[in-house]
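There are 2 protein chains.
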Amino acid sequence: MDIRKRKLAELAVRVGINVRENENVLVNASIDCAEIARLVVEEAYKAGAKQVIVKYRDELISRLHFLNQSDETLCEIPEYLVLENKYYCDNKFARISIVSPKAGIMDDVDPMKVQRQSIEANKKLSFAQEFVMGNNVPWTIIAAANPIWAKKVFPELEENEAVEKLWDAIYDASRVTMDNDCKADWDVHIKNLEKYFVKLNEYNFKSLLFKNSIGTDLEVGLVKNHLWAGGAEFTLDNHLYAPNIPTEEVFTMPDKYNVNGRVYSTKPLDFQGKLITDFYLDFKDGKVVNYDAKENKESLKALIEFDEGSCYLGEVALISHNTPISMSNILFYNTLFDENASCHLALGRAYPMNIKGGLEMSREELAKNNANLSMTHNDFMFGSADMSVKGVTYEGDIIDIFVNGNFVI
Amino acid sequence: MDIRKRKLAELAVRVGINVRENENVLVNASIDCAEIARLVVEEAYKAGAKQVIVKYRDELISRLHFLNQSDETLCEIPEYLVLENKYYCDNKFARISIVSPKAGIMDDVDPMKVQRQSIEANKKLSFAQEFVMGNNVPWTIIAAANPIWAKKVFPELEENEAVEKLWDAIYDASRVTMDNDCKADWDVHIKNLEKYFVKLNEYNFKSLLFKNSIGTDLEVGLVKNHLWAGGAEFTLDNHLYAPNIPTEEVFTMPDKYNVNGRVYSTKPLDFQGKLITDFYLDFKDGKVVNYDAKENKESLKALIEFDEGSCYLGEVALISHNTPISMSNILFYNTLFDENASCHLALGRAYPMNIKGGLEMSREELAKNNANLSMTHNDFMFGSADMSVKGVTYEGDIIDIFVNGNFVI
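Keeping their order, the protein sequence lines are chains A and B.
Going from the first sequence to our numbering is simple: count from 1 and add 14.
Going from the second sequence to our numbering is simple: count from 1 and add 14.
In short, the hints are calculated from the structure, not lab data.
Don't take every hint at face value.
Copies of the same chain look alike in the list, so a pair counts if it fits in one copy or across any two.
Claimed, not checked - The calculated SDA-like cross-link candidates involving lysine to any residue, where the alpha carbons are at most 20 Å apart (straight line), are:
{"no.": "1", "residue 1": "138", "residue 2": "95"}
{"no.": "2", "residue 1": "64", "residue 2": "80"}
{"no.": "3", "residue 1": "165", "residue 2": "342"}
{"no.": "4", "residue 1": "100", "residue 2": "140"}
{"no.": "5", "residue 1": "69", "residue 2": "98"}
{"no.": "6", "residue 1": "69", "residue 2": "91"}
{"no.": "7", "residue 1": "370", "residue 2": "382"}
{"no.": "8", "residue 1": "370", "residue 2": "247"}
{"no.": "9", "residue 1": "127", "residue 2": "56"}
{"no.": "10", "residue 1": "69", "residue 2": "92"}
{"no.": "11", "residue 1": "106", "residue 2": "83"}
{"no.": "12", "residue 1": "116", "residue 2": "49"}
{"no.": "13", "residue 1": "69", "residue 2": "113"}
{"no.": "14", "residue 1": "315", "residue 2": "299"}
{"no.": "15", "residue 1": "69", "residue 2": "95"}
{"no.": "16", "residue 1": "64", "residue 2": "85"}
{"no.": "17", "residue 1": "69", "residue 2": "83"}
{"no.": "18", "residue 1": "69", "residue 2": "93"}
{"no.": "19", "residue 1": "64", "residue 2": "74"}
{"no.": "20", "residue 1": "69", "residue 2": "82"}
{"no.": "21", "residue 1": "165", "residue 2": "291"}
{"no.": "22", "residue 1": "106", "residue 2": "79"}
{"no.": "23", "residue 1": "69", "residue 2": "44"}
{"no.": "24", "residue 1": "19", "residue 2": "78"}
Input sequences plus hints: build the corresponding full structure.
What follows is the structure, given as structure tokens:
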């Protein structure tokens, strides 16, 4: 076995959730990721975890459910699932997600059927997502290669070779090499990202202006008392963890009702197993009022119309065009990677930590501060090599943040 | 893909649980069995199932739990698991188990730790097993090959070759060939088994006498009004299903307190991931009073001492020595197969259907009829080529049932 696989597992445990003695850990993994899931479990116990529960999902079986079950059956969310999620929250399970995307496998499924199921499930289970996004527990995401994904990224290669090359790309992006001290390298990396968000916090911009040659011309207002973050975060009980492996972004909270202009996507978006390509969104007073896509417009519609908040922004993130993932020139067709190669926005829920005191605010207080409370959160990429980003201060000054796709601040 | 794999999946659905329109189905599968699990799901939906839930287990992760969790943590059975099992019972989920044994992987785990966890889990969850064993819903078991199992059965072969050969053996034993009509062949097979149990029911034996050259000399009393069964069974609502694929046995209910003598095992027994080999049991008035094993006596002890009923018998089954599985001369190291190559007994719970009116009896009534109500049920094999089985009638007549390992009745 590739030594980097165990190092990635260890990274998820020691840096990702930064597991504590006697902590409970929940691992969500695709069954294709069993090998790394087992390593994660081993490493978590080694690091002192009390109990590590693995929940496997099988996307091919999910597809069969959507193709064969009635809407009524799909939308019945049994009570035990609510209780199970409550158990994970009550017992403060740290979360590790192992994603292994299989874009395209849902192509023959009606996206509105997925949507209806997803809305019903969210009604009963979103409390758990809210709990996690509210930094009550440490959480992290890592990725594992699979043949479908590998062939999508490297269509010109044989399957085995493609899988190997995708693993290489995952390790590189995650700063895992055969012989590095991952933890030390990540500590340095996290410190670097901190420099940017500290500076951005000092500026305390009122809004950001995005412009590039393909037509993006967008002003994104930021909430008052917003906070930039990136790399590592703190839980409510002050425990440092790194929610994304890899991560290259600094991000903050847009003002839900103060976004205007047009934004063009620069990378396809994998949503519920379908790839939405070449799309744009028009915003007016924060809301998406018009949109189109080259492929899977129906899925984009589903994403936008998910709930009241899903047509408003919840996150704006800045990533230099010269970061390693971006420079690799690999299109991963997966948000965990592609969002770290490109400036991105998220439709849906905002992170409470992106506003001062947000983690202690009630839903009502967050809403009053123009934070998005949607049940969903979907990032999409719009950065480009020629992106210009300017910050507008409360004094009316305009400051260059990005010139030609890179930080200049 | 081997066409026999889909045929085996279809067999599980159409003969095994004989699924009904709009029925719920629960599939329990090892994650190594994903390929056939998906086929089972497909075939179940094709046959009209309403909802097919797959629960994957990962034995390698279970092993890590036992190696790393404290007894206290292992023995906490969360309430949601109880509710989940209740959900499957309330909604009458038919059950398909796909087993894929990995004998030996628990070798470094303390069997008493497994035992303690198992006892606690059973206290809270045995209602579900009781529900299924009480024929409230159709259930069936099929098997899938995996490399560990294959190398155990065919140690002299390369892994790939061993896996292929094990699949061949599974298909053969399950009466699945490239070109047969499995369902029709199974109908014939079930009719054949019926001939034996109808005859045995007519005799209405008081007890059975087992004797062979390696030292087995055992009298097994049968409960009054016992019923022999085999091949296919009926649920409480009169729906025919076949609980084991493969199956070659006819079986009935021993009298819990009327078993005397010694029995020698003739095949190793896989219990909680450990192989118990060359063991014997001495019975007095139904109870195991003495025992020994060449390997893993600790596990045998755990099995026998599980609860009040686990040191008494709950099933006695007759299988001719000339059945296909037996004639294949393959030692499967797995009960689903080996029990169908050899006469066997089970320590633990009896099947209520093996006594007249049993499915409608309360626990108290079953107990009054000397039925075993243990929370566990473990078959072990003791048949041999020279086995003699005689039946003792209430009139005192002694009738040959087996001579030299085969039915003569």
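Structure-based check of all given hints:
1. 138 / 95: both (9 Å within a copy, 18 Å between copies)
2. 64 / 80: The answer is between: 12 Å across copies meets 20 Å, while 36 Å in one copy does not.
3. 165 / 342: Intra 17 Å, inter 43 Å, cutoff 20 Å: intra-copy only.
4. 100 / 140: within (11 Å within a copy, 24 Å between copies)
5. 69 / 98: both (11 Å within a copy, 15 Å between copies)
6. 69 / 91: This pair counts as both: shortest intra-copy Cα distance 17 Å, inter-copy 16 Å.
7. 370 / 382: within (13 Å within a copy, 70 Å between copies)
8. 370 / 247: within (14 Å within a copy, 66 Å between copies)
9. 127 / 56: between (38 Å within a copy, 19 Å between copies)
10. 69 / 92: both (17 Å within a copy, 15 Å between copies)
11. 106 / 83: Classified as between: cross-chain Cα gap 17 Å, same-chain 33 Å, threshold 20 Å.
12. 116 / 49: Both: 17 Å inside a copy, 16 Å across copies.
13. 69 / 113: Both. Shortest intra-copy (12 Å) and inter-copy (19 Å) distances satisfy the 20 Å Cα cut-off.
14. 315 / 299: within (19 Å within a copy, 72 Å between copies)
15. 69 / 95: both (12 Å within a copy, 13 Å between copies)
16. 64 / 85: between (39 Å within a copy, 11 Å between copies)
17. 69 / 83: between (22 Å within a copy, 17 Å between copies)
18. 69 / 93: For residue 69 and residue 93, both the intra-copy (18 Å) and inter-copy (17 Å) Cα distances are at most 20 Å.
19. 64 / 74: between (32 Å within a copy, 17 Å between copies)
20. 69 / 82: The answer is between: 18 Å across copies meets 20 Å, while 23 Å in one copy does not.
21. 165 / 291: Within one copy, since 18 Å is at most 20 Å while 48 Å is not.
22. 106 / 79: between (31 Å within a copy, 18 Å between copies)
23. 69 / 44: both (8 Å within a copy, 13 Å between copies)
24. 19 / 78: Between copies, since 18 Å is at most 20 Å while 31 Å is not.
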